[in-house]
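Q: Sequence:
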Amino acid sequence: MSERLLRAVVASVALLFVAVVPAFAHSGGEASGISVEPAQITAGETVVLAGNGLEPNSDRQINLVGPDVVIPFPAVTTDADGMFAVTLTIPDHLPSGTYTFQAIGDETLTTNCTITAAAGMTAVVPKGETAALVTSRTRSSLELEIVGVLVGVAIVLGLLLLARAERVGRVAHS
1 MSERLLRAVV ASVALLFVAV VPAFAHSGGE ASGISVEPAQ ITAGETVVLA GNGLEPNSDR
61 QINLVGPDVV IPFPAVTTDA DGMFAVTLTI PDHLPSGTYT FQAIGDETLT TNCTITAAAG
121 MTAVVPKGET AALVTSRTRS SLELEIVGVL VGVAIVLGLL LLARAERVGR VAHS
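Our numbering puts the first residue of the sequence shown at 1, with every later residue one more than the last.
Misleading hints may appear alongside valid ones.
To be verified - Between beta-carbon pairs, the in silico distance windows are:
1. 165 <-> 77: 40 to 50 Å
2. 6 <-> 143: 25 to 35 Å
3. 160 <-> 98: 50 to 60 Å
4. 149 <-> 169: 27 to 37 Å
5. 171 <-> 150: 24 to 34 Å
FYI, nobody ran anything at the bench for these hints, they're computed from the structure.
Glycine residues also receive a C-beta, built at the ideal position from the N, C-alpha and C atoms.
Kindly generate the complete structure, drawing on both the sequences and the hints.
A: And the structure:
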């Protein structure tokens with residue numbers, strides 16, 4: 001095997017590693033998740049929403065989802081360790097019920113919170129808050145396999161073209 005072809009193989013393997021490894025970056029190790037403290041509150045109070053095991057330095061859209069309502073909070077950015085913690089004030093108009101916090105990024109992480117209606121508040125949803133239509137984003141194993149196969153095919157085709165070019169070059173120099 002010529003030195004040129006060997007370099008191409010090494011470069012191809014490195015390219016495959018760089019292209020495929022990030023897709024599997026969080027498939028093992030510390031499990032990603034979010035939690036809320038306290039998990040039972042009265043509307044109008046504050047909670048701390050925390051996340052861990054997430055992609056470092058990535059943005060997460062925070063939503064509180066309940067019956068017929070989605071309340072968006074400002075997005076948060078994870079730190080270099082893939083963690084975040086944010087203090088959120090629960091709107092005081094919410095009726096009693098179980099609500100779900102969502103941290104939406106590469107995947108949607110959820111945790112539940114039980115909210116008791118504030119004394120004397122009506123259960124009217126203010127304008128600007130919309131009905132719950134949330135689409136979660138996840139990577140399927142099929143998508144990851146397709147990316148891996150396409151990268152592998154590109155590498156094989158590149159190696160075949162390089163081998164053919166070397167053969168043609170040797171014939172031309174003979």
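Q: What hint numbers does the structure not satisfy?
A: Violated: none.
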